[in-house]
Amino acid sequence: MAEHAEIAAAALDAALAAILEHEDELGKLDSVAGDGDHGAGMARGFRAAVAADRNGSAGQIIANAGMAFANTAGGASGALVGMFIMSAGAALTDPIDAAKVHAALTKGIEAMVRLGKGQVGEKTMLDTLIPFAAAYGEAAQAGLSVRAAWEQALPAAEAGMKSTAQMIPKRGRSSVLREKSLGTQDPGATSIYYVLAAVGRVLAEHCP
Amino acid sequence: MAEHAEIAAAALDAALAAILEHEDELGKLDSVAGDGDHGAGMARGFRAAVAADRNGSAGQIIANAGMAFANTAGGASGALVGMFIMSAGAALTDPIDAAKVHAALTKGIEAMVRLGKGQVGEKTMLDTLIPFAAAYGEAAQAGLSVRAAWEQALPAAEAGMKSTAQMIPKRGRSSVLREKSLGTQDPGATSIYYVLAAVGRVLAEHCP
Amino acid sequence: MTYLFNDPINFREDMIEGYVAAYSRMVERIPDASGVRIAGGAHKGKVGVLVGGGSGHYPAFCGMVGRGFATGAVIGDVFTSPPGEQCYRCGKGVDGGAGVVFSYGRYSGDVMNFSMGEMRLEMEGIDVRQVIVTDDVAASPNFDERRGVAGDFYVFKALGASAWRGDSLDTVEALGNRVNQWTRTFGIAFSGCTLPGKSEPLFTVAPGKMELGMGIHGEPGIETGDMASASEIAKLLVDKVLSDAPLDAPSRAAVMINGLGATKYEEMFVLYGSVHKLLQAAGIDIYKPLVGEFATSLNMAGCSLTVSWMDAELQALYDYPVESPAFTTWG
Amino acid sequence: MTYLFNDPINFREDMIEGYVAAYSRMVERIPDASGVRIAGGAHKGKVGVLVGGGSGHYPAFCGMVGRGFATGAVIGDVFTSPPGEQCYRCGKGVDGGAGVVFSYGRYSGDVMNFSMGEMRLEMEGIDVRQVIVTDDVAASPNFDERRGVAGDFYVFKALGASAWRGDSLDTVEALGNRVNQWTRTFGIAFSGCTLPGKSEPLFTVAPGKMELGMGIHGEPGIETGDMASASEIAKLLVDKVLSDAPLDAPSRAAVMINGLGATKYEEMFVLYGSVHKLLQAAGIDIYKPLVGEFATSLNMAGCSLTVSWMDAELQALYDYPVESPAFTTWG
Ligand SMILES: Nc1ncnc2c1ncn2[C@@H]1O[C@H](COP(=O)(O)OP(=O)(O)O)[C@@H](O)[C@H]1O
Ligand SMILES: Nc1ncnc2c1ncn2[C@@H]1O[C@H](COP(=O)(O)OP(=O)(O)O)[C@@H](O)[C@H]1O
Ligand SMILES: [Mg+2]
Ligand SMILES: [Mg+2]
Ligand SMILES: [Mg+2]
Ligand SMILES: [Mg+2]
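Protein chains in written order, with this note's numbering: chain P, 1069 to 1276; chain F, 1069 to 1276; chain L, 11 to 341; chain Z, 11 to 341.
Bear in mind the hints are in silico, worked out from the structure with no lab data behind them. You may find that some hints are simply not true.
Claimed, not checked - From the structure, some residues in chain F lie toward chain Z, with a derived Cβ separation under 7 Å: (1) THR1140; (2) LEU1183; (3) GLU1190; (4) ALA1227.
To be verified - Below, a list of computed lysine-lysine pairs in the DSS-like style, where the Cα atoms sit at most 25 Å apart: (5) LYS219(Z) <-> LYS1096(F); (6) LYS208(Z) <-> LYS1238(F); (7) LYS1096(P) <-> LYS219(L); (8) LYS208(Z) <-> LYS1096(F); (9) LYS250(L) <-> LYS1238(P); (10) LYS1096(P) <-> LYS208(L); (11) LYS54(Z) <-> LYS1248(F); (12) LYS219(Z) <-> LYS219(L); (13) LYS219(L) <-> LYS1248(P); (14) LYS245(L) <-> LYS219(Z); (15) LYS208(L) <-> LYS219(Z).
Claimed, not checked - FRET-style restraints, in silico, Cβ to Cβ: (16) GLU1093(P) <-> LYS287(L): 46 to 52 Å; (17) GLY235(L) <-> ALA322(Z): 55 to 61 Å; (18) GLN325(L) <-> GLU1226(P): 55 to 61 Å; (19) GLN325(L) <-> PRO18(Z): 36 to 42 Å.
All values reported here derive from a predicted model rather than from experimental measurement. By construction, the Cβ of each residue, glycine as well, lies at the ideal position given by its N, Cα and C atoms.
Working from the sequences, and respecting the hints, build out all of it.
Below, the structure is given as structure tokens:
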């Protein structure tokens, strides 16, 4: 459906805008225990993502965007987020409904876990993504629409993001510094939440 | 005379103490338009000067000290002050009187001018030394003692030193920066004044 | 501060362009890729050695490309692992038909991206090995979980020499891993560094303090200590490195004081004087030590001590002459 | 800041000791003197080339001692010309019986002290020539009254090559002077530097400003300008240097971006990219450019552009291979 494709494109645009708005904040979060490049890396990734080929279905657009993200962003997040978007896009076949979106999220998370060998509780973007996908799955099973399920799942993502402040990192560049990052939210968990929230706003505007 | 030799040694000790007291200030003056090492260089020079051989006459002690200064201090001031002290010492033969001291000062200045090709008004230590030697010469001719002539000549040195604040440098490391140093006293003119004043105090204490 | 840049977004690209313009007598751009390789391209029949990682660490990584040294380098943005796609393209760009070794300091982003590049190359039938450097004793008690920092140099040097003299892929890989097994680094920082276009440093060090065991990406240290004299710092570095000395290593070792950017040569020589005596007293037979900048962190102030033990086989690789923009020897 | 030192009074001595310990394979201490020379001592029958000046400028001056390069270096305290006595002792230490060339950047203290050393040596029957470098176009409109800064490198390189291949004292001196005649530098600073043991920098640069035409001893610039992008700075440097280009020089020239200490390689490559294009557009045939640190000013942030024009005779000297702790080439 052409309309879903347009929504996918708008969602990518909104994700880029959200990251640019928070680029400095994400860099600062990353500099607490990491190398300060998370904002710049996510911005680079989404800039490439919005410039990727936008022909085809929503799933194809998202997969292309994910490929461009992975090929451009660099860093741990470049690989992880790129693979997530690419795999989710590849799994998102028409016609789209909430169950399909949930399946796509699940595939994306699987790809990220395969690459990064992470799990919930390690102070990474998975702490935002996994609770979000779980909540989305429940909402989808309860029969909510793509858009309503997203709305209902967002608080779980937010709670997941916030929970990272109290975690000690086990993965990634900041893992050497364990205690240093206590009290600070994980940059990746934060950026993913901003993206999910931005996508939610696009769905709210465009979906029935 | 053993006593003159002791006074010469005490004068060198006092010069070192005066430079150490003002080392930081001299460095800061030099950093306005130069490289900030004048305090350290003068301290290095006088440390070597007080450690030099102290056998022989006052003149020999001073000449040895000057040689040690020149061999150790480095920089423009190391060569210039070292040659000044060495030449002045070599000219200072026993028995010492005010005329001899004036002749020694004159020889020292000649050596400094031969090496540095400077003259009064160029914002250097010569602006302290030349007026001092001139005033000392007048006092000596008027029949004053070594010590009284020194006392009478010191204000000329001080005035010379102060006059450098309004000069634009033509010699040395700071000469590239002409206007930058306007308003700041020349470090070399300042350190020489501190030395002359310290020597004056030694004379006041030990001379009849 | 980083002062010289145009649009910070183009920093990496501007840098590569200037680098290749300056050293075209030794290196060339890998076509359509964020990387450089030896001028004239990969040598047929020789193993290709691709080093890399983020930029901001020059002469790591692209300064170490040349005859007897790395075949090429893939170049990421400042402190950012290059994307897998670029690892793939540059890997392909250094392939001479005898296989490719990827070598880099262990950081999770690099591991992921180089591994993605490796998968792509292997799908095309190119045999790829990874020699991952883990020399930073501060990063973890477990050798395999450590970061790679200045010790990269010794591993790259051995890989480059082995590949250049015509060793097989298995041999090149094995020799590189042997050097890594015997290489240890510990670093300290006196000030943070600032990314191009930013006005605040990634971290700050309080006056009178120093950070112990910091990374080379502006990550702060694992511990904060009181600033000390050069000879006390020498003792601290030597103790940290030797406390983790490999048990099976011979007494001969190469030694490096690496400056992180703003800590200058004279200071490092003062430090080295004490380090030299302490290592000798500990029975180390110091071989061709190096004092300089080998893996920087933009203009961070700080330095690290690396000790790389060697037997006769590894010494021959260390002695092998190299010519590269940043490091050249007659042997 | 300078962080690594013991007693600041012993900084020079500690530094020399560490330097010689690190690079004993190439250099040795000149006995009873504040200087170093090529390992094994002066070569009989070859002209001795003694370079020097204060310390704080590494690799100038002692890093440039070795085969095909300077025979020795006399080392002063930080930013302080070595005393005449040391110039004498080190001059004697590099004498191989064919005469000695003193070469250094023109600063009044250096001129006085080297001249005092020269007098002593000539009293002993050693023929001494002085090749004084005057490349800093900022210092004066009169060529002879200029300071010597990063251009030292090209003059030393030529002197070293000429002496090493066995030229006569007259020839070595003449070639060194020819290089100086055709070498021009202009520098800028973004921050000051701090002497060992001091807590305040020698000068500060206001945020958003830069100093134009500063010296390499922490002397502030002759003018303060607004901070600009790398490409604008490239234009400024190229304009300043070319506005004083020697009229009689051929089109071929070596080009150097020299970092003052805290301005790092990646930044300098960004700058060089623009410089390269501008110089090419101005008709300069760029030959083997260099981007790195050649004459630093402790950890001052800033850089300079040097252009050293050359004909075939001077190019042969530039191409001559050298091996020294700081700079080695295969030719
Ligand atoms: N193995 C992993 N699994 C999931 N997320 C990870 C992993 N490693 C790192 N991350 C995420 O990546 C973020 C850092 O991204 P970024 O700063 O862009 O990359 P880098 O760490 O390479 O500099 C972390 O905040 C964390 O959320
Ligand atoms: N040619 C000269 N004649 C007389 N005095 C000079 C000359 N050149 C420099 N000076 C003096 O030397 C002082 C600087 O000394 P110092 O800082 O120790 O040496 P440098 O300039 O080599 O760093 C100046 O303040 C000035 O008084
Ligand atoms: Mg990061
Ligand atoms: Mg000075
Ligand atoms: Mg990173
Ligand atoms: Mg000086």
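(request) Take a quick look at whether LYS208(Z) and LYS1238(F) sit within 25 Å of each other, Cα to Cα. (result) 28 Å, violated
(message) For a C-alpha distance cap of 25 Å, please report whether LYS208(Z) and LYS1096(F) respect it.
(response) 11 Å, holds
(request) With 36 to 42 Å as the target window, see if GLN325(L) and PRO18(Z) comply at their CB atoms. (result) With a Cβ separation near 38 Å, GLN325(L) and PRO18(Z) satisfy 36 to 42 Å, so the hint holds.
(request) May I ask you to test the interface hint for THR1140(F) with respect to chain Z, counting a Cβ-Cβ separation under 7 Å as satisfied? (result) It holds, given that the least Cβ distance between THR1140(F) and chain Z is near 6 Å, below 7 Å.
(message) Run the distance test for LYS208(L) versus LYS219(Z): straight-line Cα separation, threshold 25 Å.
(response) Between LYS208(L) and LYS219(Z) the Cα gap is close to 16 Å, so the pair holds against 25 Å.
(request) Take the C-alpha atoms of LYS250(L) and LYS1238(P), compute the straight-line distance between them, and say whether it is at most 25 Å. (result) Measuring from Cα to Cα gives roughly 24 Å; hence the hint holds.
(message) Holds or violated: LYS219(L) and LYS1248(P), Cα atoms, limit 25 Å.
(response) 16 Å, holds
(request) Would you mind confirming whether the straight-line C-alpha gap from LYS54(Z) to LYS1248(F) stays at or under 25 Å? (result) 49 Å, violated
(message) Take the shortest C-beta to C-beta distance between GLU1190(F) and chain Z; is it under 7 Å?
(response) 11 Å, violated
(request) Just tell me: holds or violated, for the beta carbon distance of GLU1093(P) and LYS287(L) against 46 to 52 Å? (result) 48 Å, holds
(request) Verify the interface restraint on ALA1227(F): the C-beta must sit less than 7 Å from at least one C-beta of chain Z. (result) Given a least distance of 25 Å, the restraint on ALA1227(F) is violated.
(message) Taking the Cβ atom of GLY235(L) and the Cβ atom of ALA322(Z), is their distance within the range 55 to 61 Å?
(response) Holds, at about 57 Å.
Against the hints set out earlier in the document, violations occur for numbers 3, 4, 6, 11, 12, 14.
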